[in-house]
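Residue numbers (our numbering), protein chains in the order written: chain A, 39 to 323; chain B, 1434 to 1474.
Just to be clear, a hint being listed does not mean it is correct.
List of simulated lysine-lysine pairs, DSSO-like, C-alpha gap at most 30 Å [as the list claims (entries may be wrong)]:
{"hint": "1", "chain 1": "A", "residue 1": "Lys165", "chain 2": "B", "residue 2": "Lys1467"}
{"hint": "2", "chain 1": "B", "residue 1": "Lys1467", "chain 2": "A", "residue 2": "Lys40"}
{"hint": "3", "chain 1": "A", "residue 1": "Lys165", "chain 2": "A", "residue 2": "Lys40"}
{"hint": "4", "chain 1": "A", "residue 1": "Lys165", "chain 2": "A", "residue 2": "Lys109"}
{"hint": "5", "chain 1": "A", "residue 1": "Lys40", "chain 2": "B", "residue 2": "Lys1471"}
{"hint": "6", "chain 1": "B", "residue 1": "Lys1471", "chain 2": "A", "residue 2": "Lys109"}
Simulated from the structure, these hints should not be mistaken for lab results.
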Amino acid sequence: MKRLFPIFAILTAALLSYALYAALVGAPTEQTMGEVQRIFYYHVPSAWTAFLLFAINFLASIQYLVGMNPKATRVANWIAGAIAVATVLAAYLLPLPEGVRPSAVATSGIAVVGLYFLIQRFFPEQKVDVLAVTTAEVGVVFCTIVLITGPLWARPVWGIWWTWDVRLTSTLVLWLIYVSYIMLRRFSSSSQTPVLAAALAVFGALDVPLVYFSIWIFRTQHPQPVVGGGGSIDPRMLHTLLINWLAFMCFAILVCWSRYRLEVLTRDAEETAALEAMLEPRSLP
Amino acid sequence: MNFLYAAYAVTWIIHIVYLGTLLRRYTRLRDEMKRLNKTED
Chain A
39 MKRLFPIFAI LTAALLSYAL YAALVGAPTE QTMGEVQRIF YYHVPSAWTA FLLFAINFLA
99 SIQYLVGMNP KATRVANWIA GAIAVATVLA AYLLPLPEGV RPSAVATSGI AVVGLYFLIQ
159 RFFPEQKVDV LAVTTAEVGV VFCTIVLITG PLWARPVWGI WWTWDVRLTS TLVLWLIYVS
219 YIMLRRFSSS SQTPVLAAAL AVFGALDVPL VYFSIWIFRT QHPQPVVGGG GSIDPRMLHT
279 LLINWLAFMC FAILVCWSRY RLEVLTRDAE ETAALEAMLE PRSLP
Chain B
1434 MNFLYAAYAV TWIIHIVYLG TLLRRYTRLR DEMKRLNKTE D
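Given these sequences and hints, build the entire structure.
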């Protein structure tokens, strides 16, 4: 795995360079907004990456909470299976908001449940908590970029930096929840911290669907989606958007990889230090 | 154009700052490990 890291890093750097070229030069200029529309190629992939990382954090937190009891794990697995079936049925039987495709909802439901079982398979016991910390921290980095690039686009297009619109406000709330999660992990030394943080993450992640679907459910100033929401986009713009998303996803995997390793090493060092402190001969009074 | 370049620059500044903090934490951890290994000897 260690040998793979530099190869993957080089490939990611090449992909990011190509994505930057495609975003600044390759993609056509949008007619009404002009050059500033190109912020979209960094803003949207960063948002998608942050949502995906928060979703992984949510699943890892559930795994951590139910993993303490084998019976709860079995029940959670059955519930996860039932959610996958219910999502597929609901996607095709229930009326969906205009522009939302049933296949997109069904695929998302199956993908999330699949991810849950993958995490269970590859991140047993304490490793799932390490994964939760990692994805929350990297997710906050991407969410910060979303919250900064959004106003930089809004100022020339809307004439204002910020508006208390549902999409923008719920994104800010999401960011605040995950910042508090990181603060909790960083400054609390209680043995119950991972449990408290996992519970906070479960509640925090409930904001992700609200952020994502807010533009379908509420009347918002935020632009309607051009991908998967019934809108149209020039194929070259779509290509640039997807290339940038792929590049940022690869970059996020690289950063998570490093952060995960750092967390594992930190915990090992803390364990060694604690063990050493216990074994140290104490002078009797 | 200024807003476009500002958005791209801010994105990479945030990523680089975060990578810098990771690197600093790695360095601190390596020093701590060295210290622990020394006390073990």
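Checking one constraint from the list: CA of A:Lys165 to CA of B:Lys1467, max 30 Å. Satisfied? Given pair A:Lys165, B:Lys1467 holds - Cα atoms ~24 Å apart, limit 30 Å.
Keeping to a limit of 30 Å between CA atoms, is the pair of A:Lys40 and B:Lys1471 held or broken? 26 Å, holds
Given the proposed pairing of B:Lys1467 with A:Lys40, does the C-alpha separation stay at or below 30 Å? The given pair, whose Cα atoms are some 21 Å apart, holds under the 30 Å limit.
Distance restraint between A:Lys165 and A:Lys40, which requires alpha-carbon spacing of 30 Å or less: Given that 30 Å is the threshold and the Cα spacing comes to 18 Å, the pair holds.
A:Lys165 and A:Lys109: Cα distance at most 30 Å? 20 Å, holds
Hint consistency between B:Lys1471 and A:Lys109 [alpha-carbon to alpha-carbon, up to 30 Å]: 44 Å, violated
Going through the hint list in order, the structure does not satisfy hint 6, though it satisfies all others.
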